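Participant: Each chain, written out:
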Amino acid sequence: MSYLRGFYLLTAAALLLPLVFPDNYYVTVVGVTAALHAILAVSLNLLMGYAGQISLGHAGFFGIGAYASAILTTRYGWNPWPAILAGLVLTGIIAFALARPILRLKGHYLAMATLGLGIIINIVLVQTGELTGGPDGLGGIPTLSLFGWNVNSDLRWYIVIVCVMLLVVWLALNIINSRSGRALRALHGSEVAAEMMGINTTATKTGVFVLAALIASLAGSLFAYQQSFVSPDSFSFFFSIELVTMVVLGGMASTYGAIMGAVILTFLPELLVVFEEYEVMIFGAILMLMMIFLPQGLFVGIQSLLRRVGRNRSELAGPDTGEPEESGRGAA
Amino acid sequence: MFDQILQFVLTGITVGATYALVALGFAIIFNASDVVNFSQGEFVMIGAMSTIAFSAGEGLPLWLAAVGAVLLAICVGMMLQRFAIAPARGASVVTTIIITIGASIFLRGVALLLWGKDIFGMPHFSGEQPIQIGEATLLPQNLWVMGGAAVLVLGVHYFFNYTTNGKAILACSCNRTAAHLVGINVSMMMLIAYGLSALLGSLAGILVAPITFTSYDAGVMLGLKGFSAAILGGMGNPMGAVAGGLLLGLIESLAAGLISSGYKDAIGFIILLLVLFLRPSGIFGKASTERV
Amino acid sequence: MPSEPLLKIAELTSHYGPIQALHGISLEVNSGELVAIVGANGAGKTTLLLTLSGVQKASGGSISFDGTEITRMASHKIVQSGICHVPEGRQVFAPLEVEDNLKLGAYCFRDDKRRLSEELERIYQLFPILKERRKQPAGTLSGGQQQMLAIGRALLGRPRLLLLDEPSMGLAPLLVEEIFRVVRELNDSGVTVLLVEQNANAALGIADRGYVLETGRVILTANADELLADEAVRKAYLGH
Amino acid sequence: MALLKVGGLSKSFGGVTAISDLDFEVPEGQVYSVIGPNGAGKTTLFNMLSGIYTPDEGSIRFRDREIVGRLPHKVAELGVSRTFQNLQMFFNMSVLDNVKVGCHLRTKSRLWNSALRLPGTRREEKQAELWAREALHFCGLDKYLQLDADALPYGVLKRLEIARALAASPKLLLMDEPAAGLNDTETKEMRKLIRRISDAGITVLLVEHNMGLVMEVSDRILVIDYGSRLAEGSPTEIQNNPRVIEAYLGGEIEYAV
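Residue numbers (this note's numbering), protein chains in the order written: chain A, 1 to 332; chain B, 333 to 624; chain C, 625 to 864; chain D, 865 to 1121.
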């Protein structure tokens, strides 16, 4: 299918990188984090970019997944795989129970409710110290193993997380280009019109909210095993904001945009380290300027730039043949 | 037991008075421009931190330092409106939220650059001799906070109810087109609203800094609490926001004392969620029916 | 003819995003006249007035008022220069008191307190009901009273040109008559009026001259009596 | 036979009556128009017919089933589709996808099947595309297929909204001011399109201000003013009804000038 063309490119690029740069810190260490962030950003983008429902609490579901795996494996001696599943079930139940009341809200109220939810989850993680280890966190989490193949090196983690990311991207692309995905985008475009086309908007919103939470939970579990340590700091309100920023920076309603945003925001601090104490300030300034001057995000911005360059070139080459597009745009 | 509760109530009112000022700032900006300003907490930080910088660093008397800090905060507020909010007019809710979040990170970054990560204290305005009320005690600074907040809230009330420019801002918030048509300079009113909001936030920061200390990131939690308080009381209603602030302060203080201090923040947010689920217009707001 | 018209609009165009609402409108209003613009819903009447007031941006053409170009002027400057607008659907400041609404109408002259109270008195004489209700929130008034309030608010801006947008909309026939009587009186007392109406017969009944608008264009202009008799007006509304 | 029966319908907002005690019947296969001066309650009526508003009183029966109390998507399931006065396009989607959304009720695949791209989903997807292309072709929009909705001029969007509604294969199509904002050529095309829709056996309920259009396409016309029925009849009857003329042009007011 045509929409998967970009996906094959992404797959090739992601898998070739460690071959070209073996043992490179930026690939296998920062790259793993970028891929993990990409999973989160892609899932949040389904909810925010496509369905138009802002969430400032996504890190909360990420945290539930991470802590479910961490607690079950270290305190109760579970095998990591069923622990992941348990995390998913728990996240699913919480997300499903909260989806309806939360998604009835709109705009700023929705933002505040999801933000509050994320903060509450974080506080619970800090306060239930006998289970979670409190603010000090929880260490000694075992690593994953797959039919005897232990995921115990940076490179192996890179492979695992990148594969999961590719799977998530594939699922997301399939959804977006299907009946359900169109329903999501439709309710973003116009909720009334979506209802009139027979879309049950409440059920659709609930579905995508739960799905996004489940993917975040899976990412959380992976994160716990990869780090072998979790602490509440990784799941704070700030991280939720960072995730939203990734989605918006790359370009809402574009899966590749979300990936791009995740990669940029993961590498940006690495680069800004050079500026030392200016780091936070520059980060804030970039965020503001991007939103003021390029609200549709980098991905769309670059795309339209390329299109404009392409059009100029075709004009140079001779008379334009793509007349419906031209007439359409000209009139608009 | 009674004395203990009295103590919690006194503390709660002090904290609540701070929340109320931040919430009032939120409500003013929200009503004037439909923007939820996530950098509201940063005004609080700017007020406290620059007062300390001007007085301890530059050797100015405390009151003069405070005046300078408030003026600085007002400038920042107006610049935020002019250069970040106004150009993005008509953008989606998500976009404006991220712009103000970006502004808050930026301001925090500047503060970090100027003053580092240290925690600063500020001298109490009139000594630290506790006042006994039964078994409960109160610092003079608590009275400063309560009294200061009361004066400011009354001032804002006066501004919106008895001055032409105050009413002009209200006019902009209830009907922007009509405001244009009677000759109100709407963009000027927006600047005034942001300036006023910054003034309230920075004064809250200055009043409370001697009790709570301050640092470059002190504004984050206060900003979120102020926002919660504004929603609790009803965003559309400035005095509701004040009541929401006091209520949130009281609830937190009682919850911290009687249940567990660790969960005090959580309880505040749980109440916020319940209010949003059951009565999104806020406890004191008017219930509005949404039309398609 | 007097030398220059008070208001002169030439080839005015305006867009809402990709939709063109005004397709090159030209018209004139002389000092002291009462001019009616009639036309069916969607003809561009409201857009025209909003563009005059600077709330809606003009995309081409020019507007000059009393010899000064005001096409790109900020709306509050336009009000200061003497064009006051009674918007469609009244648009009073609903939560504010009636008297506050009126005082905001004099926003441009807010420092002239003495004159303000005189003018308030004048409005209260014109619409006694507003004086009775002056401490009530404007939103609690009936439709007709809100229309009076909207007119009063505009009058406090000391208009040299009064723009009235659909003052009869949603009002019972008796009230429509009352409002139109007041408009006529205002005009007789020297205020130049540009009146936009769907209710063509009532508007042309009090106007000196009229323009008929259809899909953003002027299709007809003549003296009011001639238009009243013209079949084309009926056609613009009923299609035949 | 009446496809739609409205009886005793009333709705008010905060004390202001928008529709009061309205009765009418729309016969199957006809183009039935509702006209009236601005603010007469036409859009409120449409919003009740499509389940967006709940009436205060009265019943709306469509193919002998009650609509009142059903959510809009449940009303749509019965075979009612509509367009909107102020365009409600999905501007975040392509032209083709917009119309494919119209096929929502004719397809079934769920989130998980779609995510895994199971064979059934793919078959359905092809079918939906076919239907969508058909609807676009019907409305003369073939050449815009590949564009994004936000790249289209206004007049085309008006037709796209109709194509989307038709893709749902409705029994009754509610059209809210399809010609508003169109120029003369576009209005002519719209007139032809409404005729074609009617010829295809779809009952049309039309709200429109362009009287030329209304008079030409309608089989019957209902005139409402202040939320209640002023007149009903054939286009010629309506045009010559003195009450209608007065409602539109207003009564003359006498002045001694």
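Derived from the structure by calculation, the hints contain no laboratory data. Certain hints may be false.
Quick list of in silico lysine to any residue cross-link-like pairs, SDA-like style, CA-CA up to 20 Å [unchecked claim]:
#	chain 1	residue 1	chain 2	residue 2
1	C	Lys632	C	Ile643
2	D	Lys1035	D	Phe1002
3	C	Lys737	C	Glu723
4	D	Lys938	A	Ala203
5	C	Lys859	D	Arg929
6	A	Lys106	B	Asn569
7	D	Lys972	D	Glu941
8	D	Lys1007	D	Thr1049
9	D	Lys938	A	Thr202
10	C	Lys681	C	His639
11	C	Lys681	B	Val518
12	C	Lys681	B	Ala423
13	C	Lys759	B	His489
14	C	Lys632	C	Arg784
15	B	Lys596	A	Gly129
16	C	Lys632	C	Gln704
17	B	Lys449	A	Tyr278
18	D	Lys1052	C	Ser705
19	D	Lys990	A	Asn177
20	C	Lys737	B	Thr496
21	C	Lys859	C	Leu844
22	B	Lys596	B	Phe340
23	B	Lys596	A	Asp154
24	C	Lys632	C	Asn665
25	B	Lys449	B	Asn569
26	C	Lys701	B	Ser592
27	C	Lys737	B	Thr495
Owing to the predicted nature of the structure, the values given are computational and were not obtained by experimental measurement.
Participant: What are the numbers of the hints the structure violates, in ascending order?
Facilitator: 1, 5, 18, 23, 24, 25, 26
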